[in-house]
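So in the UniProt record's numbering the end of the sequence shown lands on 113, straight run, no missing numbers.
Think of the hints as simulated: they come from the structure by calculation, not from any bench.
Just so it is clear, the structure is predicted and the values come from calculations on it, not from any experiment.
Positions of the beta carbon are idealized from the N, C-alpha and C atoms, including for glycine.
Incorrect hints may have been included.
[Stated by the list, open to error] Just the calculated beta-carbon pair ranges, DEER-fashion:
#, residue 1, residue 2, range
1, D75, A23, 30 to 38 Å
2, A20, G42, 29 to 37 Å
3, D48, R7, 16 to 24 Å
4, M53, T87, 25 to 33 Å
5, T101, G64, 32 to 40 Å
6, L88, M53, 29 to 37 Å
7, A23, E52, 13 to 21 Å
8, P27, T101, 34 to 42 Å
9, E81, A20, 12 to 20 Å
10, K85, V59, 17 to 25 Å
11, D56, L88, 37 to 45 Å
12, D78, E52, 19 to 27 Å
13, R46, M89, 16 to 24 Å
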Amino acid sequence: MSETMDRFRISEAAAARIAAIVAAESPDAALRVEVLAGGCNGFQYRFDLTREMAADDVVFERGGAKVVVDPASLDLLDGAELDFKDTLMGAYFAVGNPNATSSCGCGSSFSVD
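Given the sequences, and given the hints that come with them, work out the whole structure.
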């Protein structure tokens, strides 16, 4: 596994869910994970299906699922893992981000020092 692949991981559950979504929606798409300014803690995660990739995007793959991350977002996601949770409270993608020093209650926004 390369150093770049160690920077962002996809759990088995997330890979399975991404593969299912892509198969139903658009077989040639990937899940784009972005970090945007905003949210209640300064940064927020955004998840989108995409067929478009920039030349400097980094593509991560697991179990046939593809995740695309732009370089600026990857800096804030360094060492993170994308997971998929299916609980009584709902089904959602969650990011385990070691760079986040705090996050909101819903887990969709975070801050860094």
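Structure-based check of each hint:
1. D75 with A23: 30 to 38 Å: Since D75 and A23 have Cβ atoms about 31 Å apart, the given range 30 to 38 Å holds.
2. A20 with G42: 29 to 37 Å: Holds: the Cβ-Cβ distance is about 32 Å, inside 29 to 37 Å.
3. D48 with R7: 16 to 24 Å: Check passed, 20 Å falls within 16 to 24 Å.
4. M53 with T87: 25 to 33 Å: Check passed, 32 Å falls within 25 to 33 Å.
5. T101 with G64: 32 to 40 Å: Holds, at about 34 Å.
6. L88 with M53: 29 to 37 Å: holds, 36 Å
7. A23 with E52: 13 to 21 Å: holds, 19 Å
8. P27 with T101: 34 to 42 Å: holds, 39 Å
9. E81 with A20: 12 to 20 Å: holds, 19 Å
10. K85 with V59: 17 to 25 Å: holds, 24 Å
11. D56 with L88: 37 to 45 Å: holds, 40 Å
12. D78 with E52: 19 to 27 Å: holds, 24 Å
13. R46 with M89: 16 to 24 Å: holds, 21 Å
When held up to the earlier numbered hints, the structure conflicts with none and fits them all.
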